[in-house]
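Need the complex rebuilt from these two chains, each delivered in its own frame; the hints are there to steer you.
Protein chains in written order, with our numbering: chain B, 1 to 113; chain H, 1 to 113.
The hints are simulated quantities; they were obtained by calculation from the structure and are not laboratory data.
Bear in mind the structure is a predicted one, so any value in this text is a computation, not a measurement.
Be aware that one or more of the hints could be misleading.
Okay, the calculated bits of chain B under chain H, using three or more residues with CB under 8 Å as the criterion [unchecked claim]:
hint: 1; segment: 2-11
hint: 2; segment: 44-51
hint: 3; segment: 101-109
Dumping the calculated DSS-like pairs for lysine-lysine here, alpha-carbon to alpha-carbon at most 27 Å [said to hold, decoys possible]:
hint: 4; chain 1: H; residue 1: K31; chain 2: B; residue 2: K100
hint: 5; chain 1: B; residue 1: K54; chain 2: B; residue 2: K68
hint: 6; chain 1: B; residue 1: K100; chain 2: H; residue 2: K57
hint: 7; chain 1: B; residue 1: K5; chain 2: H; residue 2: K57
hint: 8; chain 1: B; residue 1: K5; chain 2: B; residue 2: K71
hint: 9; chain 1: B; residue 1: K5; chain 2: H; residue 2: K31
Virtual Cβ for every residue (Gly too), placed ideally from N, Cα, C.
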Amino acid sequence: DQQVKQNSPSLSVQEGRISILNCDYTNSMFDYFLWYKKYPAEGPTFLISISSIKDKNEDGRFTVFLNKSAKHLSLHIVPSQPGDSAVYFCAASLFQGAQKLVFGQGTRLTINP
Amino acid sequence: EADIYQTPRYLVIGTGKKITLECSQTMGHDKMYWYQQDPGMELHLIHYSYGVNSTEKGDLSSESTVSRIRTEHFPLTLESARPSHTSQYLCASSAGSGANVLTFGAGSRLTVL
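For reference, chain H alone in the conformation it holds in the complex (with noise of 0.2 Å):
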C-alpha cells in the first residue's frame, strides 16, 4: 500500500497558470525529495528538505519551488507554467539517518500546452 500520496496523477494545463503538486507521506519520515523525469531518461533529483523549514535545492536547476511547513506535506510549485516543465514528477521519503530507500509516490505527470 502507498504511503506516500501525490496528487494530482495528471494534469494539462496552459502556458502561464500557476500549479501546485501535492506530496503527503504518513510515514513519519524526516527527508522527503522531488524528482523530475523525462521518458526514458534518469531520474533528476529537483528539491529535498531534510526537515520543517529545511529546503535545499537538488542536483538539477528547475524553476518551481517547495515548501516543508509540516513534516508529512512537501508541495512543488510552479509560479508560471511553460512547455518545458512538462515532465514527470515524482515525490519520495525516508527515514532518519542511514536511510537511502526512498519510498516514492506514484507521480505527477505534468504537461504544459
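Bound-form chain B, shown alone (with noise of 0.2 Å):
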C-alpha cells in the first residue's frame, strides 16, 4: 500500500509562471516531511522540508506547504526556471531524525520557455 501519493506523473509550466506539485499521505504518524529534485543521471538531491508544527516553509523561490487534516503538502516554485525542469519527489517521516523515508513516485516538471 502506498503510504505517499503523487499523483501527476508530469507537470508542464511556462517559464516564469508559479509551479505547483502536489503530494499526499495517507499515513497520519508521519510528521516530517521533504521534497528532492533529480535530473537526469543523478541522484535526487533535497530541496526543501518541512515539519508537521508548521504550515509553510519558504526558501527562495521555494515554498512547501502543508494541511495535515487533509493529509497533504505541495511545493510551489515561484517564478518557475528552465533549470527546475527535473523530476521531484516528495517524501515523508514518522519524526525528524527517523531513519527511513518513504517516498512518492515522483513528478516530472517541464518548464516551457
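Next up, the structure:
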C-alpha cells in the first residue's frame, strides 16, 4: 500500500509562472516531510522540508505548504525557471531523525521557455 | 560536488553472475542506505546501516546483501543476478541524530539479460 502519493506523473509550466506540485499521504503518523529534486543521470538532491508543527516553509523561490487535516502537501516554485525542469519527489518520515523515508513516485516538471 | 560515489554507473550483465555495487562517502556519515527505483516509480528502501557492523533490511524485500566494515563504505552484492533485478540502485548517507536529509549518489543502473 503506497503511503505517499504523487498523482501527477508530469507537469508542464511556462517559464516565469508558478509551478505547483502536489503530494498526498495516508499515514497520519508522518510528521516530517521533504522534497527532493532529481536530474537525469544524477541522484536526488534535497530541496526543502517541513515539520508538522508548521504549515509553511519558504526558501527563496521554493515554498512548501502542509495541510495535516487533508494529509496533503504542496511545493510551489515561483517564478519557474528552465533549470527547474526535473523530477520532484515527495518524502515523509515519522519524526525528524527517523531512519527511513517513504517516497512518492515523483512528478516530472518541464518548464517551457 | 558529490561526496558520495557509486560505481559502476551502468552495468549490463548476464543471468547468474555475481555483482557488487560499490558506494563510498567522504562525509563521515554514520547512516547509509540503499534504495531501489524503477522508472516512474517511488524509491524503495532495501537496506540501511546505522554504523560499522550494523545492517538492516528495508521495507522492500531484496535478494541482495550489504556489509558495513568501514564507515565510508557500504557495498551491495547480488550473488546470482536475474532479470528481475534490473533496476536503478541509489546509495545515500546521512549524518547523526536528527538528520532526515539524505545525500544521494548518482546511482547504479543495472540491467540483467
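Going through the hints against the structure:
Evaluation of the coverage hint for the segment 2-11 of chain B: fulfilled, as 3 residues show C-beta separations to chain H shorter than 8 Å, against a requirement of three. Proximity of the segment 44-51 of chain B to chain H, defined as three or more residues with a beta carbon under 8 Å from a beta carbon of that chain, is established by the 4 residues found. Coverage of the segment 101-109 of chain B by chain H holds. Counting CB-CB distances below 8 Å, 6 residues qualify, and the rule asks for three or more. With a C-alpha separation of about 11 Å, the suggested pairing of H/K31 with B/K100 holds against the 27 Å cut-off.
A distance of roughly 10 Å separates the Cα atoms of B/K54 and B/K68; the hinted pair therefore holds under the 27 Å criterion. Restraint check for B/K100 and H/K57: the C-alpha separation of about 11 Å stays at or below 27 Å, so the hint holds. Simply put, B/K5 and H/K57 have alpha-carbon atoms about 23 Å apart, close enough for the 27 Å limit, and the pair holds. This hinted pair checks out: B/K5 and B/K71 have alpha carbons roughly 11 Å apart, not beyond 27 Å.
In summary, the hint linking B/K5 to H/K31 is supported, as the alpha carbons are separated by about 26 Å, within the 27 Å threshold.
Checked against the numbered hints given earlier, this structure breaks none of them.
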